[in-house]
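S.K.: Line by line, the protein sequences are chains A and B.
Take the first sequence: its position 77, counting from 1, is numbered 77 in full-length UniProt numbering, and each next residue is one higher.
Take the second sequence: its position 132, counting from 1, is numbered 132 in full-length UniProt numbering, and each next residue is one higher.
It should be emphasised that the hints constitute simulated quantities derived from the structure, not laboratory data.
A virtual CB, placed ideally from N, CA and C, is assigned to each residue, including glycine.
Accuracy of the hints is not assured; some may be wrong.
Every beta carbon over 10 Å from chain B, so not counted as near; a handful from chain A, in silico [unchecked claim]:
1. 43
2. 46
3. 53
4. 78
5. 98
6. 99
7. 116
8. 143
9. 168
10. 170
11. 182
Computed footprint of chain B on chain A; a stretch qualifies when at least three of its residues, placed anywhere within it, have a C-beta under 8 Å from a C-beta of chain B [as the list claims (entries may be wrong)]:
12. 108-115
13. 126-136
14. 224-234
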Amino acid sequence: MQTPRFLPCGDSALTVEFGSAIDPDLNGKVLALDALLRASPPAGVIETVPTYRSLTLQFDPTVTDYGALTRLLEETVTSLQPENAIGTRWRVPVVYGGEYGIDLEDVAERHGLTPSQIVEIHSGAVYRIYMIGFLPGFAYLGGLDPRIATSRRTHPRLKVPSGSIMIGGEQAGIVPMEMPSGWHLLGRTPVLSYAPERDPVFLFTAGDEIVFEPINASRWDVLEKAALAGETVAEPVRA
Amino acid sequence: MTSLVVKNCGPMTSLQDWGRIGYQRFGVSPSGAMDRRCLAMANVLVGNTPEDAAIEFMNLGGSFACEGGELQVALAGAGCTASLNDAPVKANTTIILKDGDTLQVGHARTGSFSYLAVGGGFRIEPQLGSLSFHPRSHLGGLNGAPLKAGDRLPCQPGAPQGGPMHLPLEPLEEPGPIRVILGPQDDYFTQQAIDTFLTAEFTVSPQADRMGFQLNGPRLHHAKGFNIVSDGIVDGHIQVPGSGLPIVLMRDRQTAGGYPKIATIISADLGRFAQLRPGSPVHFRAVSRDEAVVAARRMKEWIAALPSALVPLCFDLTTERLLSTNLIGGMVDALAPKVPDHTA
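Chain B extracted, bound-state conformation (with noise of 0.2 Å):
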């Protein structure tokens, strides 16, 4: 059998792919990807579909050996940097593994979650439906646990299908203020609260990771007190305890927690909250509930048109060449400029 055999990685290291759906009542967090847009991008160019599960990673990278065949692998993500046995290799591009070869990830350098998407994918039985890994929950991964080193993760057989590919664009992000929608508890703040939290300057703290991302800055005062009767959550809630200072709520959160909520950020950015990291500045901008579903769909549509905008490695096009000669005009976001990389 063909595997993923992993030599060493960060602490932080897990399968994760578009979430657990459908367990929320019995009190399982959805998990799943941090930054949906590049576990979509890995996927993609080894030609899975965009939901499968890959190797995440959070700063640190980690080494990989491939046994027992060949693998096409790609890594997209946070701008870290790989080799194939001691040789570079690019991220956004399809890497083909053999037979005893190590790939070799590094750390981010741009954002702070990367994926290792495998051709054909894992065969590695879903637990509650999804392949992601919560460790409160001890579901998803290989036997509930994180990855770590020795850990043989065994791979779809069969040849990989296609030349290699290379994805040449950038996550798909709107520049500017990260979007939220107002609610559902922002009754329970001052008008001078909401005012602060819509134009002040936050920071990410070193409290980041797959629960939650604490912000350092002003603090918000409640008008009402900050329990409330325990109320479900979701992802990207920014809650707010008695310390006043708001909590974004990821993809590892609870179910259900008790302090209010004074908004949420808009689904289509917050793969782009994942990705920054602590000490970044982040605003908010409210924005309308139309504003949001625009956004969404526009997301949407990126993803599923990701496979037109494969292009053969051997051409090793640039992005601004594949611009200028339209090949995949469909792809970018007209309205928006280009970013280069999604740090704030």
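Next comes chain A alone, as it looks inside the complex (with noise of 0.2 Å):
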């Protein structure tokens, strides 16, 4: 494994970069940097923003730089132990196929697959989150069962709605409200993971585990009245 990288983001911030690869040891020493720089900042030190295999850190240049957080850094960072299973295991209830999940039968035929076995995998499969991105609450999960992997549309979709559980290649990902994409939807959650106006605002947090439970669509209508009312609907369960 390569040693960290400090790269230089201007005068005000640097990225610890520890690997080039989507890797779940690579991105446990990310989110490990990142609880101990929350725990204790170093002066000076404005935000951490954790992606999959670095760490960003924002700085004010006049009260610390580039040359005293890397030295700071330095020991820290090639002595780190990969934090994992740090975070929560959430279950979020899903509507596969139909309406709910309008490439479902499509991505079963590219399979060859029947509909319910990507159900069966999907739903089989613990997910977690390396980061949070692209949108308010994004989560960009890994872990999906290479049998499903499946390369993107060619034609991007301009709006896919909020709650589409989606999969991209050899990720998979939750909407939090809606957006243009070119990854196939497999089914929907009435989960809301971004709510500005509910308590946490923000329900999933990189480092946190995903199981998706399939629900009967009779279910929806009640859940999704329950997500709007500010409850999380998601569910947090113990590994």
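With the hints as a guide, dock the two chains, each given alone in a separate frame, to form the complex.
M.R.: Now the structure itself:
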């Protein structure tokens, strides 16, 4: 495994890069450093942003700088142990197929499987949230079973509805709000991962885990109403 | 309640402050004023702190009515004109609005972004710690929406304090190329691409908004592909997608992205860069981290010293006269020649 690198991002930020792959251990180190810096932020550090394989630190250049921070972090980052299973495991209810997941049958056909086999495989995995980005609350999930990995659509859709449960390549995601996407829609959850008026505003955080629970379409209306009324609907479960 | 009522405004008119800090980990862009220097000037003129929220205009102005009381406002930025009940009033001065008055803000003439600050600020609840409007997050402004005709912005009550003031200076800036620090992914580019980036002339394309400025110019060649595993983005990052044409990422940028970033504009030059209009030429110069920190410190001191540069409007002194009497000697960058306005 490569030694961590410090990359300058102008005068007010730097990125600590642990590697170049999407890998649970690399991501675990990112989250471990993030947790450490959040617990005791060095003077001048304003914000830390974890992504797949690196952590970006934003700082006030009149208080601290690249040199001071790299000296401070040099030893820490090389001896860091990956922090795994640090987050919450969430059970997220999903209505698969039909109007809720308009690509389910197509994805099944591509892989020579039945829709119910796709549902079984998709809902049988534990997904790790590597990072949140692109949009508020959009969780990039790792852990998709390679048997159903599906390259992205040739023509991205301009709008996919909020709550869409989708897959793109070897990634999986939960759509926080209506957005454009070229990923395939397998189902939909009433869970709102981002709700500006709710406490908590954001449901998921990097390092959390997701399991999908197939539910019957008859439960949609009740759960959607609860979600819109400010309930989380997703339930925390322990591993 | 005293309110500022929007009678009309351009589509890119919004409330912006220093930005939304601490939520990038949840995918929320920081947003905030495109030119903090001008936001600070408008705020200081009405007795606010430099970081307070103001109305940001992009190119087009707007018309505002004062209702229910008296307000002190000030306009600073891209050389726009203004009129109060059809009589011309000056930017960089405090303007008193009485109940029923209409303030008309003209379009930008020398840059893109202008700011209208209101003494005491707005009585609007911040969302995630900021009033900055961010379209994709539906956060900030009035209920997560851009400003539009009919919006009523409640303002802090109370009589305006002090007499009208004037701020006889231009936004601090270093002339010459826009300063950058190479990286974080300069190793993804050929040496020739880096040389080209630092010597060629680029122009700001019409695709320039609060998210990013697309540049036209020579194409920059990647040495090892143009896809990276998405990593963190900061304001001023210059990313180069497969087209080879750089895009400067601005305040409403996403929080992470998968194109290599050849360089980053230093914080002290970001406001000046934001004021470049489509078609403006732009050059880049690489500087050391130390030079960038010196520039950042100078900018911070310039903003902190703005209140001491205020002069009562009744004197109506010219900039030249003030400079000659050295009243604001501490405010002027002694090393850099003075530039009359901030277009290229």
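S.K.: Would you mind marking each hint as holding or not holding in the structure?
M.R.: Status of each hint after checking the structure:
Chain B leaves residue 43 of chain A outside its interface by the beta-carbon criterion, the shortest separation being 15 Å against a cut-off of 10 Å. Residue-level check failed: residue 46 of chain A sits 6 Å from the nearest beta carbon of chain B, not beyond 10 Å. A beta-carbon of chain B comes within 10 Å of the beta-carbon of residue 53 of chain A; the shortest separation is about 6 Å. The non-interface label for residue 78 of chain A is consistent with chain B: the shortest C-beta to C-beta separation is roughly 19 Å, beyond 10 Å.
Even its closest Cβ contact with chain B, about 28 Å, leaves residue 98 of chain A beyond 10 Å, as expected for a residue assigned away from the interface. No beta-carbon of chain B comes within 10 Å of the beta-carbon of residue 99 of chain A; the shortest separation is about 25 Å. Every Cβ of chain B is farther than 10 Å from the Cβ of residue 116 of chain A; the closest lies at roughly 33 Å, confirming the non-interface assignment. With 10 Å as the threshold on Cβ separation, the claim that residue 143 of chain A sits away from chain B holds: the shortest Cβ distance comes to roughly 16 Å.
The non-interface label for residue 168 of chain A is consistent with chain B: the shortest C-beta to C-beta separation is roughly 13 Å, beyond 10 Å. Against chain B, the non-interface label of residue 170 of chain A holds: every CB pair exceeds 10 Å, the least being about 12 Å. No Cβ of chain B comes within 10 Å of the Cβ of residue 182 of chain A; the nearest lies about 14 Å off, and the non-interface call holds. By the rule of at least three residues with a Cβ nearer than 8 Å to a Cβ of chain B, the coverage given for the segment 108-115 of chain A is violated, with 0 such residues.
With a cut-off of 8 Å between beta carbons, the segment 126-136 of chain A has 6 residues touching chain B; three or more are needed, and the interface restraint holds. Coverage of a stretch by a chain is defined here by at least three residues with a beta carbon nearer than 8 Å to that chain's beta carbons; for the segment 224-234 of chain A and chain B the count is 0, and the condition is violated.
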